[in-house]
Amino acid sequence: MKKLVVFVMLLAASLLLSEMGWAQEEKPKCLEAIEFLTGFGWGKLRQREDYHLTPFIVAFDFNLKPLTKKFNFNPSSLLQFQIEPFISFIFSPDNNVETGTSFLLKMGLLPQTSKFQPFIFAGLGMAYMTQHTLEQSTQFNFTEQAGIGVHYFIRKNIALTLEGRYRHLSNASIDHPNAGINTQFALAGISYRF
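Sequential numbering from 1 applies to the sequence shown in this note's numbering.
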């Protein structure tokens with residue numbers, strides 16, 4: 001009888017400890033990384049000087065693998081949803097500002113354990129610009145963008161990041177004119193993985 005009581009107590013203790021996370025393997029983090037990016041953007045305007053800006057971007061990288069595992073899709077490369085608030089200082093044709101947020105899907109091309117991690121990304125967003133142009137009748141606009149980049153890990157959780165991206169900005173025909181502004185970006189920054 002004593003052996004049975006000891007066995008039940010040990011079983012209950014092990015179940016309790018496993019529920020507290022002591023006997024479980026570590027669960028993947030939802031917020032996986034944060035990135036800080038800056039660089040240069042340039043685009044063409046019809047009747048004014050070219051569109052030049054310097055963006056400052058903070059990207060919050062959320063791990064999508066816990067969600068995709070439920071559908072039996074478990075890639076070895078990174079798979080993330082990014083929320084990117086940004087502010088850009090426009091210095092041509094006039095001194096102005098853009099601000100907004102982008103929502104991107106980011107997919108790695110090599111295993112996530114690689115020191116060198118190339119990736120592709122695409123997504124949508126919204127932006128408010130104080131710059132008045134003949135291309136856009138509204139200052140509130142939407143963005144579509146895509147790009148390529150690379151993380152190079154200098155430490156286990158810190159990477160240097162380089163990106164090239166293409167962005168189309170327009171107001172989705174809320175008002176006219178709505179010719180849009182196409183901008184290319186060269187960005188560099190640092191990424192911190194939790």
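Watch out, some of these pointers could steer you wrong.
[To be verified] No farther apart than 30 angstroms at their CA atoms in a straight line, the calculated lysine-lysine pairs in the DSSO-like style are these:
hint : residue 1 : residue 2
1    : Lys-70    : Lys-44
2    : Lys-156   : Lys-44
3    : Lys-156   : Lys-29
4    : Lys-44    : Lys-115
5    : Lys-156   : Lys-69
6    : Lys-70    : Lys-29
[Stated by the list, open to error] Simulated DEER-style distance windows between Cβ atoms:
hint : residue 1 : residue 2 : range
7    : Phe-36    : Met-107   : 17 to 23 angstroms
8    : Ile-83    : Ile-174   : 22 to 28 angstroms
9    : Glu-49    : Arg-155   : 27 to 33 angstroms
10   : Lys-115   : Asp-94    : 25 to 31 angstroms
11   : Tyr-152   : Trp-42    : 40 to 46 angstroms
Derived from the structure by calculation, the hints contain no laboratory data. The beta-carbon is built from N, C-alpha and C at its ideal position, and this holds for glycine as well.
Here's how the hints hold up against the structure:
Taking the CA atoms of Lys-70 and Lys-44, the gap is about 45 angstroms. The hint is violated against a cut of 30 angstroms. Between Lys-156 and Lys-44 the alpha-carbon distance is near 40 angstroms, which puts this suggested pair outside the 30 angstroms criterion. Restraint check for Lys-156 and Lys-29: the C-alpha separation of about 16 angstroms stays at or below 30 angstroms, so the hint holds. Distance hint between Lys-44 and Lys-115 is unfulfilled; the C-alpha atoms sit about 37 angstroms from each other, more than 30 angstroms.
In summary, the hint linking Lys-156 to Lys-69 is supported, as the alpha carbons are separated by about 24 angstroms, within the 30 angstroms threshold. This hinted pair checks out: Lys-70 and Lys-29 have alpha carbons roughly 16 angstroms apart, not beyond 30 angstroms. For Phe-36 and Met-107, the Cβ-Cβ distance of about 21 angstroms falls inside the hinted range of 17 to 23 angstroms, so the restraint holds. For the hinted restraint 22 to 28 angstroms between Ile-83 and Ile-174, the CB-CB distance of approximately 24 angstroms keeps it satisfied.
The given range of 27 to 33 angstroms is broken by Glu-49 and Arg-155, whose C-beta atoms sit roughly 42 angstroms from each other. Between Lys-115 and Asp-94 the CB atoms are about 43 angstroms apart, so this pair departs from the stated range of 25 to 31 angstroms. A beta carbon spacing of about 25 angstroms between Tyr-152 and Trp-42 contradicts the range 40 to 46 angstroms that was offered as a hint.
In summary, the structure is inconsistent with hints 1, 2, 4, 9, 10, 11 from the numbered list given earlier, while agreeing with the others.
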